[in-house]
Amino acid sequence: MKKLLQALNPEQREAVLCTEGPLLVLAGAGTGKTRVITYRIAHLLQRRVPPSAILAMTFTNKAATEMRERVAALVGKKRAEELVLGTFHAFCLRNLREHRARLGYPQGFTLADASDQLSLVRSALRELRIPEAGLRPHELLARISLAKSRLDSPERWLERPGDDNHELVGRAWIKYQQLLRRSRRLDFDDLLLECLRLVDQNADVLAELRGRFRYLLVDEYQDTNVPQFEILRRLAGEHRNIAVVGDDDQSIYGWRGADINKILSFEQHFPGAKVVTLETNYRSTDVILGLANRLIAHNRGRHEKTLRSAIGSGDPPTAVCMRDEETEAEQIVAEIQGLVERGAHYDDFAILFRTATQARPFEAELRMKEIPYDLVGGMSFFDRKEVRDILAYLRLLANPKDETSLLRIINCPPRGVGKTTIDRALAHATAEGITIAEAFAQAERIERINPAAVDAVLRLLKRLRALRARFPKGNQLVPLCERLIEEVAYRGEVDRIYPEPSEAEKRWQGVLEVLNFAENYVRRSKRPGLIGFLNELALTQSDMTSSDKERRLRVTLMSLHASKGLEFPRVYLVGCEEGILPHRRSAAEDGVEEERRLAYVGVTRAQRHLTISWCAERARAGHRVRCHPSRFLLEIQGKEPPADWVATGEEPPAKGARGSRRTKKGRRRRSRSPR
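Following this note's numbering, the residues of the sequence shown are numbered contiguously, the last one being 723.
By construction, these hints were calculated from the structure, which means they are not laboratory data. The reader is advised that the hints may include incorrect statements.
Unchecked claim - Within a straight-line C-alpha distance of at most 27 Å, the following computed DSSO-like cross-link-like pairs (lysine-lysine) qualify:
# : residue 1 : residue 2
1 : K449      : K521
2 : K110      : K433
3 : K110      : K574
4 : K554      : K449
5 : K110      : K125
To be verified - Estimated spans, in silico, between C-beta atoms of each pair:
#  : residue 1 : residue 2 : range
6  : E256      : E548      : 55 to 63 Å
7  : S201      : A345      : 50 to 58 Å
8  : A345      : K417      : 49 to 57 Å
9  : G386      : G156      : 55 to 63 Å
10 : L509      : D431      : 22 to 30 Å
11 : G182      : G152      : 30 to 38 Å
12 : E548      : H214      : 46 to 54 Å
13 : R507      : K417      : 37 to 45 Å
14 : R507      : K574      : 31 to 39 Å
15 : E286      : V388      : 26 to 34 Å
16 : R208      : R170      : 21 to 29 Å
The C-beta atom is built at its ideal place from N, Cα and C for all residues, glycine as well.
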């Protein structure tokens, strides 16, 4: 172990060696957070702590996989595989499946992924006859999820006063939960809430978990929400051996329920906690870190820390004022092209933005110059139509009461089941409180329903039941999937929808990739099964983005939120203007400190070179409006706002382009150092 410890700096070593009692490791950007966690696990194993006694929690499957691989490199693959290491949601799912009967869940419950949740929300609005124009499904789902992350309930929600849509949200939330139960499904928020309910209502289950897991480790602790914190607090129990690693300065997910107060108040929640601060940064140059330190120091709600570079000094960052967003894209892409011609590589570059619309001019310019790029956050593999269709069939095999899946494939391929038939069956299901599959089975009680369409649906359901019975064993998952695809003639459906042969073949490869997922799952799973496969896929896709793709020889375009955890030799932080960064809405909702943390995340992605740009004017709602440099840029530069500067939220109404300070197209004002 002595040799292992020599690879750590003094602060990292202190965190690794502190094994007993509560520990807070404040790991600034690029200071070796993952190294501390993996070496700490290795140290515990060296002290003969059984792997099964260690529980390590992460927020993404990708982080969990990387962590297990690093531990395996230190202690061997066998011991690393014995660790309980994974996401909060995977841990909760495992416990709910083991103790489902105590909470009244059926054996075949499955998870609703993001797309399924959206479909259920739309169904809830439809059943309540609430128009989507008045309550947008995406916004409704976000409000429900945020409320759940704060341990709220629809009943308490309805008791409180609110805006015009407040009561509609509460009613839709209740209906959404009813639809989840009717389909025997849980969403991701309910995984946490139900696991918390499990340990609160079953003292023996909690005692068993506390006895089993004597050492808790938590990655990215600043991102925990209230249910996650409460689960950890209960598991820590008497032994209090909980070590959390995080950085309050990188807490940027408050909009989805992350509670920064949990890391700021760790010592109050766990009295006597030891605090170790990691400040040596191995990613960025000293001048870049100087900017970052100066920026984040303006936040009041934070643990004091100052990053220092292990690399040394470097080229001074650049602040650039562009005429408008088109010029911003032209100049930055031209600079990238010139640097590549002089020896740089496309994958050295990342263009980071606050809002999705900012990517448009950069995409256009990159395409025009024929520069390869990846727009992170594009369509996931799991969002492709053909993949969602096959997964819907598989979910229906696993759970015949899955209404969302049946509605998706009920006429795919076409079976002559029209909208009127579906609406009448849905109306009957709603009135009777049953699933739509049960409604079709009672079709004789539904007035004016098309008998031929009913017969087609019943034949489909019968064929699926028979197919499931033919492949009862979990290790028969791949032949089950293959036979299903043949049984429903899905290849013909692909060819029908995509008449262009090359496109049809590309789509068909997506179908075959589902078979590859199934084969890999069966091969590595000790107890494979259809429900386990579907739940694993749901957990996998919950954090799978196109940032997981290889970035070889491509410029990366990504949002600041998506950039967290990544690093690039050259970073362009674009659109650094009031109203964009900080965002207008966040500033209005007293969220400037989180916006500043977001800017800090952007700055600390840069390893060697950083350019910050802002526009003198920008198109907004069809008009040209004058822009003002972000307060964050002024803070970085240590400047007072100019006399004509206007903070976001205080702008006068847009009056076209009048008053905008124009420059000749393509010209820019450059400050060689924003220090």
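For the pair supplied as a hint, K449 and K521, confirm whether the alpha-carbon distance does not exceed 27 Å.
Cα-Cα ~21 Å, so holds.
Verdict for E256, E548 (Cβ pair) under range 55 to 63 Å
The hint (55 to 63 Å, Cβ to Cβ) holds, given that E256 and E548 are roughly 57 Å apart.
Using the beta carbons of A345 and K417, state whether their distance is inside 49 to 57 Å or not.
39 Å, violated
Range first: 26 to 34 Å. Now tell me if the beta carbons of E286 and V388 are that far apart.
At roughly 59 Å between Cβ atoms, V388 and E286 fall outside 26 to 34 Å, so the hint is violated.
Holds or violated: K554 with K449, Cα cutoff 27 Å?
Between K554 and K449 the Cα gap is close to 32 Å, so the pair fails against 27 Å, i.e. violated.
Please check whether S201 and A345 have a Cβ separation lying inside 50 to 58 Å.
Violated, at about 40 Å.
Evaluate the given range 31 to 39 Å for the C-beta pair formed by R507 and K574.
37 Å, holds
Between K110 and K125, does the CA-CA distance stay at or below 27 Å?
The hint holds at about 18 Å.
So the hint says 21 to 29 Å: do the beta-carbon atoms of R208 and R170 match that?
Roughly 25 Å apart at Cβ, these two residues keep to the hinted range, so it holds.
So does L509 sit 22 to 30 Å from D431, Cβ to Cβ?
26 Å, holds
Does K574 sit within 27 Å of K110, going by the straight-line distance between their CA atoms?
Holds, at about 21 Å.
Could you tell me whether the CB distance from R507 to K417 stays inside 37 to 45 Å?
At 55 Å between Cβs, range violated.
Violated hints, in rising order: 4, 7, 8, 13 and 15; the structure is consistent with all others.
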